[in-house]
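Trainee: Sequence:
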Amino acid sequence: MISTALNPATVPASPFYSQGIEIREADRLVFVSGQVGMTAEGEILPGIEAQAAQAVANLNAVLDEAGLSPANLTKLTIYLTDPADVEPFMGAAGASLPQPPPATTLLIVAGLGSPELRVEIEAVAAG
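Under the working numbering, the sequence shown has 130 at position 121, and the numbering climbs by one with no breaks.
These are calculated hints, taken from the structure and not from any lab test.
None of the values given here were measured: they were computed from a predicted structure.
Where is the CB? At the ideal position from N, CA and C, for every residue including glycine.
Take the hints with a grain of salt, since some may be wrong.
Each pair of labels, with its calculated beta carbon distance range [stated by the list, open to error]: (1) G51 with Q108: 24 to 34 Å; (2) P109 with E50: 28 to 38 Å; (3) P55 with A135: 29 to 39 Å; (4) A18 with A119: 24 to 34 Å; (5) D36 with E125: 34 to 44 Å; (6) N16 with G136: 17 to 27 Å; (7) S23 with D91: 22 to 32 Å; (8) T83 with T19: 14 to 24 Å; (9) T83 with A14: 18 to 28 Å; (10) S123 with S27: 15 to 25 Å; (11) R37 with P92: 28 to 38 Å; (12) D36 with D91: 31 to 41 Å.
Modelling step: build the complete structure from the supplied sequences, incorporating the hints.
Mentor: Listed below in C-alpha cells is the structure:
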C-alpha cells in the first residue's frame, strides 16, 4: 500500500495528524480529517456561517491537494455543537457541497476540540 499525507499550507497545521491521507491501490480513496472553521493562521472565525464556510474551504483545499474536487466526495460526517446551527450551516455550506450530495451523517455533539468551534467536517473522497 502506498500512502501520502496531505497537509496543504492553506489549512491549520497539526503535529498530531495529517489533514488527509491518500491511499492508492486499484482505485484511490482520500480520507480527510475533520476540518473546522479555523484559518491557516489559527484564527477561529466567529459565528456558524463563517465557520461553516471556512471548514468547507479547508476540506476543498485538502481535496485539491489530492488532485480531487468536491465532486469526488463520497462520504461526509458533519459535527455541530448546537441543533440551532443546522439551518445556518446548510445555508452557508450547502452551495459549496456537491450535487448530488454524498452520503452524509450529521451529528449534534457536546463539544469539539476547542470550545469556540461550532462545526467540524470529515470526509472520504474517491478518484
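Trainee: Take the hints in turn and mark each one as holding or not.
Mentor: Here is how each hint holds up against the structure:
Between G51 and Q108 the CB atoms are about 32 Å apart, so this pair conforms to the stated range of 24 to 34 Å. In this structure, P109 and E50 meet the distance hint of 28 to 38 Å, their C-beta atoms being roughly 34 Å apart. One distance hint, 29 to 39 Å for the beta-carbon pair P55 and A135, holds here, with the actual separation near 34 Å. Between A18 and A119 the C-beta distance comes to about 32 Å, which sits within the given range of 24 to 34 Å.
For D36 and E125, the Cβ-Cβ distance of about 38 Å falls inside the hinted range of 34 to 44 Å, so the restraint holds. At roughly 18 Å, the beta carbons of N16 and G136 sit within the given window of 17 to 27 Å. As the Cβ distance of S23 to D91 is approximately 25 Å, the hint placing it in 22 to 32 Å holds. Checked against the hint of 14 to 24 Å, the pair T83 and T19 passes, with Cβ atoms roughly 23 Å apart.
T83 and A14 have their C-beta atoms about 20 Å apart, which keeps the hinted 18 to 28 Å range intact. A hinted range of 15 to 25 Å for the beta carbons of S123 and S27 is consistent with their spacing of about 19 Å. The hinted range of 28 to 38 Å is satisfied by R37 and P92, whose Cβ atoms lie roughly 35 Å apart. Between D36 and D91, the C-beta spacing of about 37 Å keeps the proposed range 31 to 41 Å intact.
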